[in-house]
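**Q** One-letter residues, chain by chain:
Number of protein chains: 2
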Amino acid sequence: MPPALIPFEALRHLAESLLLAAGVPIDEAALVADTLATADARGMHSHGVMRLPVYVEKIRGGGFRPGRKGVVLRESPSAVLIDAQDGLGAVVMDRAVDAAIVKAQATGVGVAAVTNSNHYGEGAYYARKPVERGLVTLLTSNGAPNMPVWGGLTRMTGPLPLTFAAPVRGREPFVLDLAMGVLARGKILMAAEKGLEVPPGTGVDADGKPTTDPGKIINGGWILPIGGYKGFGITMMLEILAGVLTGGALGRELRELYGVPDRSQSLGHFALVIDPGVFMDRSLFEERMAFYLDMIKSSERAPGVDEIIVAGEPEQRRHLRALADGVPIEPSVLTKLETLAAEIGVTVNLPGAAR
Amino acid sequence: MPPALIPFEALRHLAESLLLAAGVPIDEAALVADTLATADARGMHSHGVMRLPVYVEKIRGGGFRPGRKGVVLRESPSAVLIDAQDGLGAVVMDRAVDAAIVKAQATGVGVAAVTNSNHYGEGAYYARKPVERGLVTLLTSNGAPNMPVWGGLTRMTGPLPLTFAAPVRGREPFVLDLAMGVLARGKILMAAEKGLEVPPGTGVDADGKPTTDPGKIINGGWILPIGGYKGFGITMMLEILAGVLTGGALGRELRELYGVPDRSQSLGHFALVIDPGVFMDRSLFEERMAFYLDMIKSSERAPGVDEIIVAGEPEQRRHLRALADGVPIEPSVLTKLETLAAEIGVTVNLPGAAR
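Protein chains in written order, with the working numbering: chain A, 9 to 363; chain B, 9 to 363.
Hints should not be assumed to be uniformly reliable.
Unchecked claim - For lysine-lysine, the following DSSO-like pairs were computed, each having C-alpha atoms within a straight-line distance of at most 30 Å:
1) A:Lys-217 to B:Lys-195
2) A:Lys-217 to B:Lys-305
3) A:Lys-202 to B:Lys-217
I should point out that these hints are in silico values taken from the structure, not numbers from a laboratory.
Start from the sequences and build out the full structure, keeping to the hints where you can.
**A** Encoded structure:
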């Protein structure tokens, strides 16, 4: 069955209603719902409303603590350390980026480090405020360990996320948002369903042996980092920023999103904001960004390539399409949301859902 | 013929003498010579004394301007923009990192952006001052375009470098230093000089066809980024930091180190320094770094792996060995240095060179 096309506002409203019913304050429910529905609209469904059942489970179990917006532990003119106190990841990350923006506007550069936090979804979401203000940002987080050490068999880190964004004159901002694994788990699942092989170097089986069988990677095996030891090194850099610098838990100390409703994940986040206005007029920076993107996009194309696509463009185009035509949501995900809604006492009213 | 083992101080002194003879002021010659000899000692020969002939050529041609240490163009409490005025890359990068350290010590975070600069060699060298002071650092630079746009055939960026370092209690610092290409250009150059093949997937020839012949990659072909579009996206991030944020040249505007003695490369550099002392006692940060590295290194090992090696360790071990036993230098490189020395009027006296 093809995905249903749900109007963005209806999807966002459903997510908000479910979070409200689970006891989340209205401001936090609105923000978390917006992050989830926006991720779906951008086609990043693994960060979308499919997470609502486990979010509600974590809230009910006490692992996520709505209403806690983070407490400033230490501060300098350009940096701030925030204790999330097991609050909702989106709420605290949004606030941390706000704090980094204020620091950057005052001194040219701002860093916010967050400890004792939880899953924040799609990193690109938190880049919107800096780029709207003409600022450059780099964000990361640690995550539950599901990728082994390079050369080892023990899972001690995730294929961690790296988000980088900068404003561009006359265009959507440049938004790089990726994880350090060779292929996203969803793409490996899709290859398994279609009976396709994945490229060598994508992952290993449960015994740590290289395989091109996507089923073996998903079932007990694991995904490898891009560039082998290089990607693992970058992953360690991200863990140092998000885990060591924040004074929080890291690597194998971190807890999974699933299966432990009463435990916070104890994640750390890191946000860097730089004001290009220190170096030149902000409008000149945005012009040079446009010049750079034009340079890249004007490249002679390889055979079979219709257009040079830069980071962020596929998501931005899906986003525009979803706002016009509705957000594509898998029927299996809708069913789970309806089950959750019935259980929690929320009426589902999705005008676009052709079911 | 095996590499000659040259005492570190003799190698450094030879490099310094050649630079002095080329008209470089003593303080700058000492610094540049130290960066080159140290890179060789760490086994990073592509950033080592093999670069001296082209450095001297650039100095004589006017592309490198010794004596120019950089001028501060703009400044804020946490950030500084430095015009290198075509000076030696090592000289200006070292000064830029100093400036970022001062900013970080004052406000918690410091950023230095450098424009109109040149080749600075091995990034790891510039991490030594921050880590000695208990600080965390992230460094990058743009470089001559020798990697194509992802999906394209036009070279508009280099496989740019990323350096990240943090101090560790009771250990050598964690130093990640890599380029976003599958293999560094210098290593491909070295392979070509030695007549060796490079691994499949490293690059393509002038027609865009995969090749393991380093000569074909260097001469008209190109190096591929790690992780395909992901590595290309990270490369764009580094170019934005080093090229757009600095207000300087970028991508295809940049010039090669080789072949144009009279032109500056017009490179941009970026240095970020963060003081962990804002977030916790610095000694606690260094303890947590040791805890994290111990965690990674204690991983169960994959079959055939004797030890989990983290970023920086191979270079640090080679460095210690080279300080004890001498720095291994290829006979072909020594011959070129001797030719240069004879031409420039420098007496070569290398006690360890068994030739």
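**Q** Hint by hint, where does the structure go against what was stated? Just the numbers, ascending.
**A** Those not satisfied: there are none.
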